[in-house]
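Q: Start counting at 1 in the sequence shown, then tack on 618, and there's your number in the numbering used here.
These are computed hints drawn from the structure, not numbers from a lab. Some clues are possibly wrong.
[What the hints assert, rightly or not] Simulated crosslink set (BS3-like; lysine-lysine; CA at most 25 Å straight-line):
1. K708 to K757
2. K636 to K697
3. K636 to K704
4. K697 to K708
5. K647 to K636
[Claimed, not checked] What follows is a list of derived Cβ distance ranges for each label pair:
6. R744 to A624: 32 to 40 Å
7. L663 to W725: 21 to 29 Å
8. T679 to V738: 17 to 25 Å
9. F645 to R760: 25 to 33 Å
10. G650 to D739: 42 to 50 Å
11. S710 to S747: 43 to 51 Å
12. D643 to R705: 35 to 43 Å
13. D739 to D643: 36 to 44 Å
14. Q730 to P662: 27 to 35 Å
15. A678 to S747: 33 to 41 Å
16. I637 to H752: 48 to 56 Å
17. I637 to N673: 40 to 48 Å
Ideal Cβ placement from N, Cα and C applies to all residues, glycine included.
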Amino acid sequence: MLQKLADKGRSWTLSAVKIARRIADVFQKNGGLVTAHDMAAYRPLELAPLTLEWNGHTIATAPLTAGGLTTLQTIQAIKALGPDWKRLPKNSPVRTHAWLEALRVSWGDRLQLFGDPKFVDVPVERLLSENYAHESAAKIVRRLPKNGPFPSRPTTAPLAARFIYRPSMPME
619 MLQKLADKGR
629 SWTLSAVKIA
639 RRIADVFQKN
649 GGLVTAHDMA
659 AYRPLELAPL
669 TLEWNGHTIA
679 TAPLTAGGLT
689 TLQTIQAIKA
699 LGPDWKRLPK
709 NSPVRTHAWL
719 EALRVSWGDR
729 LQLFGDPKFV
739 DVPVERLLSE
749 NYAHESAAKI
759 VRRLPKNGPF
769 PSRPTTAPLA
779 ARFIYRPSMP
789 ME
C-alpha cells in the first residue's frame, strides 16, 4: 500500500486519501494518536545528509533526529585515536572494547544534547569537530580497564603497543 503511494507520488490523490484513512484507522484501533487529519497535513522534508570523510570515503548518514550524528561522532572519536588504531588486531577484545567505549561517549551526548532540531539547538559542528573527537578519544582511553592488556591512563607509547592483546594473559 505505501509502496504504491511512493511510486505514484502526490498525483495519486484519491487513493492516497484512502490509504491515509486506512493508516489512521489502524492507529485509532490500536490506541494510537495519528489521525486522518495528521496524515493529510504531513509533508515530507528533504534534508541534506550528515557526512564525514574516513579512509578515503565519504560516509553519509541520515540527519537529525535519526541516529546518523551518533554514528559519525563514534567514527570521529575512533579516528582521533590516531594511526595506531589500524595496527590493533581486528576483532580483538581491545579493539571491540574501544568501539564500545566510543559508542558509550556518543550515546551519552545523544541522550543529553539531542532533540527535535525545531526546538533544540543540537551542536552538530562541535560534536563532529576534531577537537571534540580528541576529547572523546581521551575518554575512551581512560575508560579501558587498568588490569589485563589495557592501559589505565594515556601514555606516550604508541596506541598499538599499549593495546596488543595476548591470549596467554588472563582475562578477568
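Q: Indicate, hint by hint, whether the structure satisfies it.
A: Hint check results:
1. K708 to K757: With a Cα-Cα distance of about 21 Å, the restraint between K708 and K757 holds, given a limit of 25 Å.
2. K636 to K697: 49 Å, violated
3. K636 to K704: Given that 25 Å is the threshold and the Cα spacing comes to 54 Å, the pair is violated.
4. K697 to K708: Between K697 and K708 the Cα gap is close to 15 Å, so the pair holds against 25 Å.
5. K647 to K636: With Cα atoms ~16 Å apart, K647 and K636 stay inside 25 Å; holds.
6. R744 to A624: 32 to 40 Å: 36 Å, holds
7. L663 to W725: 21 to 29 Å: 25 Å, holds
8. T679 to V738: 17 to 25 Å: With Cβ atoms ~19 Å apart, the hint holds.
9. F645 to R760: 25 to 33 Å: At 46 Å between Cβs, range violated.
10. G650 to D739: 42 to 50 Å: 30 Å, violated
11. S710 to S747: 43 to 51 Å: With Cβ atoms ~29 Å apart, the hint is violated.
12. D643 to R705: 35 to 43 Å: 58 Å, violated
13. D739 to D643: 36 to 44 Å: 38 Å, holds
14. Q730 to P662: 27 to 35 Å: 29 Å, holds
15. A678 to S747: 33 to 41 Å: 18 Å, violated
16. I637 to H752: 48 to 56 Å: With Cβ atoms ~50 Å apart, the hint holds.
17. I637 to N673: 40 to 48 Å: Holds - the Cβ-Cβ distance for I637 and N673, about 43 Å, lies within 40 to 48 Å.
Consistency with the previously given hints fails for numbers 2, 3, 9, 10, 11, 12 and 15, ordered from lowest to highest.
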